[in-house]
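S.K.: Listed below are the residues making up each chain.
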Amino acid sequence: MERSGYMCPEMEFDLSSLMRLSKLSLSPEEEEGLCEDLQRMVEFAKELRDEGAIEEDLPPKLLPQMQLREDRALPFHSGKKELFSNTPEIRDGFVFVPKAVDTKGDGV
Amino acid sequence: MSLTKLSMAELAVLLRSRQISAVETAAEYFDKIEKEDGKIGAYLTVTKEIALRQAEAIDQKRAAGEELPPFAGVPAAVKDNICVAGVRMTCASKILENFVAPYDAAAVERLRQNGIILLGKTNLDEFAMGSTTENSAFQITRNPRAVEYVPGGSSGGSAAAVAAETAVFALGSDTGGSVRLPASHCGVVGLKPTYGAVSRWGLTAFASSLDQVGILARTVEDTGAVLQMIVGPDSRDATSCEQARGLFVADIPPQKKWKIALPQELLGAQISDNVREAVARAAHVLESYGAQVEWIRMPSLRYALSTYYIISSAEASSNLARFDGVRYGRRAQGYTDMNSLYEKSRSEGFGREVKRRLLLGAFVLSAGYQERYYRNALRVRERIRTEWQEVFTKYDAVLSPVSPDTAAKIGARDPDPVKQYKGDLCTVPVNLAGLPAVSVPFGKGENEMPVGVQIVGNVFSEQSLLQIAALLEREALI
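Protein sequence lines correspond, in order, to chains A and L. According to the working numbering, the first sequence is numbered sequentially starting from 1. According to the working numbering, the second sequence is numbered sequentially starting from 1.
The following block holds chain A by itself, in its conformation from the complex:
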């Protein structure tokens, strides 16, 4: 997809790459506004680099220990109609998606 290429001034991040990672396309106005917002947020987040904020030897933990449920298939009792009741586009009883492999060679 073509991008407008708004350049965030003197920033640590590249907005167009963040847009690509987030699967978002933004208008030039949105890019400008969000770039300024992000700039403030990243500046604010930098306080975590302060002396005293981090103890390097402390291992980062995400969650307390937990028991993950077994990964197994369960029978689906509802019909196909219900299964697809929220699906935006169906053709011949299948979820319709555009081609996933780009024949122009840009990748997937």
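Keep in mind that a hint or two might mislead.
To be verified - Chain A stretches covered by chain L per the calculated footprint, using a threshold of three residues with CB under 8 Å from any CB of chain L: (1) 33-45; (2) 72-81; (3) 86-100.
Claimed, not checked - Here are the computed lysine to aspartate or glutamate pairs in the EDC-like style, where the Cα-Cα straight-line distance is at most 16 Å: (4) L:Lys422 to A:Glu43; (5) A:Lys46 to A:Glu70; (6) L:Lys355 to A:Glu82; (7) L:Lys355 to A:Glu36.
To be verified - Across the chosen pairs, the derived CB separations fall in these ranges: (8) A:Lys46 to L:Gln243: 34 to 44 Å; (9) A:Leu74 to L:Leu247: 29 to 39 Å; (10) A:Ser85 to L:Gly290: 50 to 60 Å; (11) L:Gly368 to A:Glu47: 41 to 51 Å; (12) A:Arg91 to L:Arg16: 52 to 62 Å; (13) L:Pro299 to A:Lys46: 17 to 27 Å; (14) L:Gln270 to A:Arg20: 47 to 57 Å; (15) A:Pro98 to L:Arg236: 44 to 54 Å; (16) L:Gln264 to A:Ser27: 39 to 49 Å.
No lab work stands behind these hints: they were computed from the structure. Backbone N, C-alpha and C fix where the C-beta goes; we use that ideal spot for every residue, glycine too.
Add chain L to chain A, keeping to what the hints say.
M.R.: Then chain L, alone, in the frame of chain A:
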């Protein structure tokens, strides 16, 4: 007296003795919603037909002499990021505008098992990202105490419905204060249970390590009764815990000598005089009942906000990747390939606040920055958690403000996102450590808007928190 004025406990007595019926009760609530919700905007979807059918079934069972759960027939509302089978669930986002939930969330299942009648789905900030309920894609919600003010967020619709007496109680969700902040601004009770106490199955994930289903109710007693209904382990949520079981009664033990801590970091210059005075009054009340109240220092809390926004945005960018216009939700027109389908659907479907957090999440997780931001935030989170644990080796609870100030006027928020986020200063440290906390109304500010105070406890100490909250509630009413 109107039935909508009654607390859950009062209503249940009348329902059990068959002085009133569940249909009559629900009908009176729907009348009030029809007459008054237009100016408040608490509800996104009203489920009148389903609710009346449910109420009729309760009445028939009661008439047949069947033994029913104690609160059967009490009507309640559910935040619109929690699944109710067969009912639209939008998360206040255009991307889910026409999504109909195929199943009940675990908390909703448990409410149904207790005979609770579901009145409808309440408004929120889109995907629960915000503190004012102004980020909803569909409508703003107004504060029933004064309609020119915000109700707080993100569970602003739930808090407003309870305050406006268009629901007896409501479910909300709390990732960084989203139950406690609107409870404080609307003058109702708001409980964020311990992480893992209530199953998150069927709650739309925003930041999975922080999200928790919470309760908004008119009284502390009602809050305890609702917690009793929804608490407990669930095999479908790997983080739900067995320890959560208990009896949550908001009685006041006569001889309990609580040790209460006041963290200086949460009562600094950023807190308005109105709020600081309310906390000081609450501390004096507790002292007058024999509690020992002491100032403490929690130095790591100065990093809580940035830690929270890094972790929550990182998790949101992962959780919200599922909204791509393929299997469900909004699909944009005019796409040319798979990537443009994703990008157009997401860009048209998400609002500005969600986009802002997705971009920040992508940034803090991206190569070269992950260690500096995300992994450091996890380290700081661990330090914050340890600091809380140390506090609870010496104290029973921590008393603090909920919000730095009373509710702001609609449209008055600062456009700077960092300044907006600073309103969550006192609530996010609780989520980072997975602790329970309750917001209880305790007076009013100069603008006559409610002020709430927050009581934080160690994991699974909900019973003590409700007892302390009940004491403050009683004194606030005197």
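S.K.: A separate judgement is required for each hint: does it hold in the structure or not?
M.R.: Here's how the hints hold up against the structure:
{"no.": "1", "hint": "33-45", "in the structure": "holds (count 10)"}
{"no.": "2", "hint": "72-81", "in the structure": "violated (count 1)"}
{"no.": "3", "hint": "86-100", "in the structure": "holds (count 9)"}
{"no.": "4", "hint": "L:Lys422 to A:Glu43", "in the structure": "holds (14 Å)"}
{"no.": "5", "hint": "A:Lys46 to A:Glu70", "in the structure": "violated (40 Å)"}
{"no.": "6", "hint": "L:Lys355 to A:Glu82", "in the structure": "violated (31 Å)"}
{"no.": "7", "hint": "L:Lys355 to A:Glu36", "in the structure": "holds (13 Å)"}
{"no.": "8", "hint": "A:Lys46 to L:Gln243: 34 to 44 Å", "in the structure": "holds (38 Å)"}
{"no.": "9", "hint": "A:Leu74 to L:Leu247: 29 to 39 Å", "in the structure": "holds (33 Å)"}
{"no.": "10", "hint": "A:Ser85 to L:Gly290: 50 to 60 Å", "in the structure": "holds (58 Å)"}
{"no.": "11", "hint": "L:Gly368 to A:Glu47: 41 to 51 Å", "in the structure": "violated (19 Å)"}
{"no.": "12", "hint": "A:Arg91 to L:Arg16: 52 to 62 Å", "in the structure": "holds (54 Å)"}
{"no.": "13", "hint": "L:Pro299 to A:Lys46: 17 to 27 Å", "in the structure": "holds (18 Å)"}
{"no.": "14", "hint": "L:Gln270 to A:Arg20: 47 to 57 Å", "in the structure": "violated (37 Å)"}
{"no.": "15", "hint": "A:Pro98 to L:Arg236: 44 to 54 Å", "in the structure": "violated (33 Å)"}
{"no.": "16", "hint": "L:Gln264 to A:Ser27: 39 to 49 Å", "in the structure": "holds (45 Å)"}
Comparing the model with each numbered hint stated earlier shows that hints 2, 5, 6, 11, 14 and 15 do not hold.
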